[in-house]
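*Asks:* Now for the letters of each chain:
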Amino acid sequence: MDEKFNFLNKVDRDSSNLIKGLQLVQAAEGYVSDDGIRAVAEYFSMPPVEVEGVVSFYAQFKRVKPGRNKISVCDGTACHIKGSSQVLEWMRQELGIDSGETTRDGEFSLETVACLGCCSLAPVMSVNGKVYGKLDRKKMVKILKEYAD
Amino acid sequence: MNSRIKTLRIGVASCGIAAGAEAVQTRLRECAGNIPVIGVGCLGSCYAEPMVEAVLEDGSGILYGNVTPDDVPEILELGEKKRFTPPPARQAKELVKVLALAGRVDPTDFNDYTAHGGYEGLKNALKMTPEEVVNEMKLSGLRGRGGGGFPTGTKWSFLAAKKAPEKILICNADEGDPGAFMDRSLMESVPHQVLEGMLIAAHATGATKLFIYCRAEYPLAIKHLKIAIAQIYENKLNVIDGRVLEIIIKEGAGAFVCGEETALIASLEGKRGTPRFRPPFPTDSGYKGAPTMINNVETYGNVPLILREGGAEFAKIGTEGSKGTKLFALAGDLKYPGLVEVPMGITLGEIVFDMGGADRDSVKAVQTGGPSGGCIPVELFDTPVDYDSLRSLGAIMGSGGMIVIGKYRCMVETARYFLDFTHRESCGKCTFCRVGTTRMFETLERIVAGKGVPEDLDFLEDLGKKIKAGSLCGLGQTAPNPVLATLRYFRHEYEAHVKEHRCEALQCNALVKLKLDQSKCVKCRQCIRVCPVGAVSEEFVIDSSKCTRCNSCMDCCPKHAISRVTKEN
Numbered sequence: 014m015d016e017k018f019n020f021l022n023k024v025d026r027d028s029s030n031l032i033k034g035l036q037l038v039q040a041a042e043g044y045v046s047d048d049g050i051r052a053v054a055e056y057f058s059m060p061p062v063e064v065e066g067v068v069s070f071y072a073q074f075k076r077v078k079p080g081r082n083k084i085s086v087c088d089g090t091a092c093h094i095k096g097s098s099q100v101l102e103w104m105r106q107e108l109g110i111d112s113g114e115t116t117r118d119g120e121f122s123l124e125t126v127a128c129l130g131c132c133s134l135a136p137v138m139s140v141n142g143k144v145y146g147k148l149d150r151k152k153m154v155k156i157l158k159e160y161a162d
Numbered sequence: 075m076n077s078r079i080k081t082l083r084i085g086v087a088s089c090g091i092a093a094g095a096e097a098v099q100t101r102l103r104e105c106a107g108n109i110p111v112i113g114v115g116c117l118g119s120c121y122a123e124p125m126v127e128a129v130l131e132d133g134s135g136i137l138y139g140n141v142t143p144d145d146v147p148e149i150l151e152l153g154e155k156k157r158f159t160p161p162p163a164r165q166a167k168e169l170v171k172v173l174a175l176a177g178r179v180d181p182t183d184f185n186d187y188t189a190h191g192g193y194e195g196l197k198n199a200l201k202m203t204p205e206e207v208v209n210e211m212k213l214s215g216l217r218g219r220g221g222g223g224f225p226t227g228t229k230w231s232f233l234a235a236k237k238a239p240e241k242i243l244i245c246n247a248d249e250g251d252p253g254a255f256m257d258r259s260l261m262e263s264v265p266h267q268v269l270e271g272m273l274i275a276a277h278a279t280g281a282t283k284l285f286i287y288c289r290a291e292y293p294l295a296i297k298h299l300k301i302a303i304a305q306i307y308e309n310k311l312n313v314i315d316g317r318v319l320e321i322i323i324k325e326g327a328g329a330f331v332c333g334e335e336t337a338l339i340a341s342l343e344g345k346r347g348t349p350r351f352r353p354p355f356p357t358d359s360g361y362k363g364a365p366t367m368i369n370n371v372e373t374y375g376n377v378p379l380i381l382r383e384g385g386a387e388f389a390k391i392g393t394e395g396s397k398g399t400k401l402f403a404l405a406g407d408l409k410y411p412g413l414v415e416v417p418m419g420i421t422l423g424e425i426v427f428d429m430g431g432a433d434r435d436s437v438k439a440v441q442t443g444g445p446s447g448g449c450i451p452v453e454l455f456d457t458p459v460d461y462d463s464l465r466s467l468g469a470i471m472g473s474g475g476m477i478v479i480g481k482y483r484c485m486v487e488t489a490r491y492f493l494d495f496t497h498r499e500s501c502g503k504c505t506f507c508r509v510g511t512t513r514m515f516e517t518l519e520r521i522v523a524g525k526g527v528p529e530d531l532d533f534l535e536d537l538g539k540k541i542k543a544g545s546l547c548g549l550g551q552t553a554p555n556p557v558l559a560t561l562r563y564f565r566h567e568y569e570a571h572v573k574e575h576r577c578e579a580l581q582c583n584a585l586v587k588l589k590l591d592q593s594k595c596v597k598c599r600q601c602i603r604v605c606p607v608g609a610v611s612e613e614f615v616i617d618s619s620k621c622t623r624c625n626s627c628m629d630c631c632p633k634h635a636i637s638r639v640t641k642e643n
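Keeping their order, the protein sequence lines are chains F and G.
Read in order, the letters of the first sequence correspond to residues 14 to 162 in our numbering.
Read in order, the letters of the second sequence correspond to residues 75 to 643 in our numbering.
Keep in mind that the hints were calculated from the coordinates and are not lab data.
Note that this is a predicted model, so its numbers are computed, not measured.
Just to be clear, a hint being listed does not mean it is correct.
[Said to hold, decoys possible] DSSO-like cross-link-like pairs, simulated, lysine-lysine; straight-line CA separation at most 30 Å:
#: 1; chain 1: G; residue 1: K525; chain 2: F; residue 2: K33
#: 2; chain 1: F; residue 1: K155; chain 2: G; residue 2: K540
#: 3; chain 1: G; residue 1: K620; chain 2: F; residue 2: K23
#: 4; chain 1: G; residue 1: K587; chain 2: F; residue 2: K147
#: 5; chain 1: G; residue 1: K297; chain 2: F; residue 2: K147
#: 6; chain 1: G; residue 1: K620; chain 2: G; residue 2: K633
#: 7; chain 1: G; residue 1: K300; chain 2: F; residue 2: K23
#: 8; chain 1: G; residue 1: K540; chain 2: G; residue 2: K525
[As the list claims (entries may be wrong)] Estimated spans, in silico, between C-beta atoms of each pair:
#: 9; chain 1: G; residue 1: F351; chain 2: F; residue 2: D25; range: 41 to 51 Å
#: 10; chain 1: G; residue 1: G107; chain 2: F; residue 2: D25; range: 30 to 40 Å
#: 11; chain 1: G; residue 1: D132; chain 2: F; residue 2: K158; range: 42 to 52 Å
#: 12; chain 1: G; residue 1: K481; chain 2: F; residue 2: E159; range: 29 to 39 Å
#: 13; chain 1: F; residue 1: R105; chain 2: G; residue 2: P147; range: 37 to 47 Å
#: 14; chain 1: F; residue 1: E107; chain 2: G; residue 2: D132; range: 32 to 42 Å
We put the CB at the ideal spot given by N, CA and C, even for glycine.
Extracted from the complex, chain G is given alone in its bound form (with noise of 0.2 Å):
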């Protein structure tokens, strides 16, 4: 064993341990004798994963990926083999400020996170009148990263305003994007730094009571938070101004539209998730009756920087309406799909290509803002990063979702996947959102089948204008999005299918064949045994009739004779 290695770290957050970091973990901690084995948060490199950082006595680190229990013993004696670096050019990008201490504490160690600054932001805001803290917030340029980017002095001035004996304060963490995962993320590697924001603002804004509403999907992050509270009880940190606090959490029960803040109020009072009309809003008339604020995960994570360095500081980072960094979840077709924290204003572009790794021939769009956003075309992939240039282009920053869309992914497809969500998230409460997502899921279902009319898309677009004007919460609002941006920049593929029933991504089954091209052949059999519905003949002919394009002869076939090719009438 190496004599130079002082502690042993490894990511045990969602994604490190499905990838299977625990078998590490134990293996690990069997062999290292007296070094201390620390399971951390994400290390923001997905695609590693699982990943365990050799710390050295100087305080450097050496960085091992895609690790097996195997692996062990050389990581040990410090070996070359299975070393991680990240790509170069992510690096260069990358701007790490709210990730700074993933992946580097204990999460559920409260020493850990005051011996690297934490609490310092609470310390300074409590020697400042809640007045100067909320000058503070406004003077940072912080907005909210929960997708609205209100911004976040100004909601936190409006409940400071309010006198009341109860207020409350509400941290949204029921992060519902499908291809989101920043704030789990977050909430798993330092829940502390999360309960730290929220301990700033009550501060600043005399709130009385505390809640977490967190997706039960995220059981590691409801622990680690729950640790974390435990540890701020332990440590009376939860008494703000002679208030003692209490931080509750609440776990939501799988509804998407429960994002929305009078939804989510809603439910915490245990009803039924609906929206309901504001005014009034929340700062007035919230959970139960009382004022009440809601901010984001990501949001409460920049607070304790911004005390702890000053708002002006902050400010320094991202663009004029666009301040500080922002985390996205890079998913989709790409290299190194992953958590990155970048400036604001950083372009698209060096986000996908430079960052993520994506191959610059084979991507068509990228979808930013999950099932409420829009997809944007390479063709737009110099444009910045912040609130007001993606809402510009018919999409939103959203929470932070970036998934990358490849060539051979077909855009109508992708706008029916994201509308059968939101048709089925609605919660019924406007008829327009209620039977309008469902009429438009209805009409992609038949484009996408191949049943489609030229009239269907005028139908689409008129429909989803209306859904956003008669629909009283954001969902509603955005629902038709996704449609509506994939129909402006990609409306040659809508109009092949409706019009010569072709999918030009070949990746609508009803559209498409699988061939065997028999010169390539070498009838090794492997199709036919691997075909579920025996559609492959002892001649290799494919039966379209019976074929379902699972597409599993096409991955086995040695010689890649086997391919999708548009089906004629």
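Bound-form chain F, shown alone (with noise of 0.2 Å):
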């Protein structure tokens, strides 16, 4: 195994303990990997191809690089009925990606989420885990800026 996912180590080499080792790893990573699928796979001595089934089966797993700024657009029953599509939309015209894509400077990536728990907020975004509510264009433009300086 690669040494760089040592840290696995830390969990059992119980089957039952997979999911907690992806969540190692995109923790580690930001992201899985191919080579984080293989090391996995090698630790819990199961065929790659079944560790894939399960990273793919979860919404929390991404297997492409995120940005350095994670944005999270709450697209729960809340925010949608207060407008997250808009949110969507206006990201879409101030960053030009969709949910899911990262801008090509690597700077934001975008994706939508059930529920970040705050609907009384709503409509509300993430940015690195931090939570933005009563979000409106003015405002959502001011937090990226924030962030792209």
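Assembling the complex is the task here: the two chains are given apart, and the hints tell you how they should meet.
*Replies:* Take a look at the structure:
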């Protein structure tokens, strides 16, 4: 196994820890790379294709390298009712990317998530885990500027 | 500084933090001198976050809402500005039982919880035999709060009756319904209460291993649970009837279907979270083949109350078939979004209008039960909220998300939104669910784009019924509900879309355009400046072919001269 994945030793080799192992890989790399899949497969003694199957099943796991700033726009029910599709449209206009993409300079990546659990502040988004609520276009642009600098 | 202040509490659950509570907390700590500043959980009134409570010597408290760091000196003098009083109608209707300690105790302080009656339920339970505890649960009439509404005591008796070397207890904390945050609040605010419920269940059922399957999107809940578990180990509360119980937190990885029992178990085992046929039921063969029982966070949160006050006392609240209180996450088009706890049997209208402060004239419907539920129109708001009444309307209680939908929202678009969610979350195992929800979604997409035909409505109804019949698990069996319920109550909106290509609510972008009323316009040019695509001309005419209907101009116009109107064909 590639040395850089030695942190996998933190969990038991029991296959019920597969998801935990993948979460560790994603925490370290920011996504799950091909190398990551191979390392996890080797660690838990299972075929890489089975690992890939689990990765593709869960929304949390990314197979593409994310941008320096990770934007998650919430599209839960409350946010949707409060206009999250507009937020996504503004993002498209400001950054030129759709959900699931990364800007060419690698600064921002955009994803939609089902619910950030802050429904009373809808519409919300999070940038690198920090949640911003009651968004309008102006507020969103201002937040993007803060991260771009 | 006012010398009557004994302690200061600040709500630092996720909602509070998102509203800026951390900065307020820092400032409080800087300015409060010797007065302890305690970070507590959810105070329920999310719309007024960040919230601070000044607790006085006599134990009473003064609440402050929408607090900024600059308000801190004023609060320390117990000033009048920013004082917060919950709406009187809300206070009158609310019945706080499960959430009684939320916002009152420090979630990370074991002694604070026990000082407020915590673990007394467990103590009582340990004095009883397991059978007596199960009977107490049956007497209480508690039904599963995760949505299904299965009687909890009966479920416990199934696991208790099993003879096996290993028995597993799982807390389903994979709160995946978009728009629901009851479980998050409970875990963040009173993690010990949930864990106490699990320990009582372990005594009653003879469980040997306890799992909490929690969404990875809830880092604060996970943190607080981990701290609480360490404290339980320290105080040896995990030693039940001579068994040393292991309590393990497993983080989910984002899959709605994992709220389904058998899918959750597969996910716990590290596999793709697909459901399987039942029987065998998990209580016969669950996690790695061992007898397994799954209860929801809120269900466990009710258990300590039952063991503290007795099942008969608990059963005094609620209706014939639904006992106790229920938490609802109120959101959408209303004045006071937040978390409310109400007795079962309260009407939808009381929750939405009296407690939520929604405007009676502008509400069209309420969506309960998230993507598995249905929309209930305002005409039926005198329906009592209990498991059976809601089901008879084509909706479900669900886990407790309640989204208020205003008059200017399109019901077809709302249904499309839910199908967008479920067709993506379908695990793909059953053909009807995998392909059927996708076809329903595509049909709805076509309708909101103005390309629907009248036959689409029959097609949706027919396919919806078939998906319900042909799916293995709760996801597929309920996925068509939002469409079927809106077709039942809002058929005229669908018909306007497919027959006249008109959206009554003026929400569907493909069927509306933006119009600038020249007689109201003061030529301030703000619309021209703000338009991202240059669709507003120097003569203040909006070019519909360029316009993306983003509403930027409408929102910034000081004279409200711009509005959405039906697009003529």
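*Asks:* Against each hint, give a clear statement of whether it holds in the structure.
*Replies:* So, going through the hints one by one against the coordinates:
1. G/K525 / F/K33: Roughly 45 Å separates the two Cα atoms, so the pair is violated.
2. F/K155 / G/K540: violated, 48 Å
3. G/K620 / F/K23: violated, 55 Å
4. G/K587 / F/K147: Roughly 25 Å between the alpha carbons, so the hint for G/K587 and F/K147 holds.
5. G/K297 / F/K147: holds, 26 Å
6. G/K620 / G/K633: holds, 23 Å
7. G/K300 / F/K23: holds, 17 Å
8. G/K540 / G/K525: Cα-Cα ~24 Å, so holds.
9. G/F351 / F/D25: 41 to 51 Å: violated, 30 Å
10. G/G107 / F/D25: 30 to 40 Å: violated, 48 Å
11. G/D132 / F/K158: 42 to 52 Å: holds, 49 Å
12. G/K481 / F/E159: 29 to 39 Å: holds, 36 Å
13. F/R105 / G/P147: 37 to 47 Å: holds, 44 Å
14. F/E107 / G/D132: 32 to 42 Å: Since the Cβ atoms of F/E107 and G/D132 sit about 53 Å apart, the hinted range of 32 to 42 Å is violated.
Checked against the numbered hints above, the structure breaks hints 1, 2, 3, 9, 10 and 14 and satisfies the rest.
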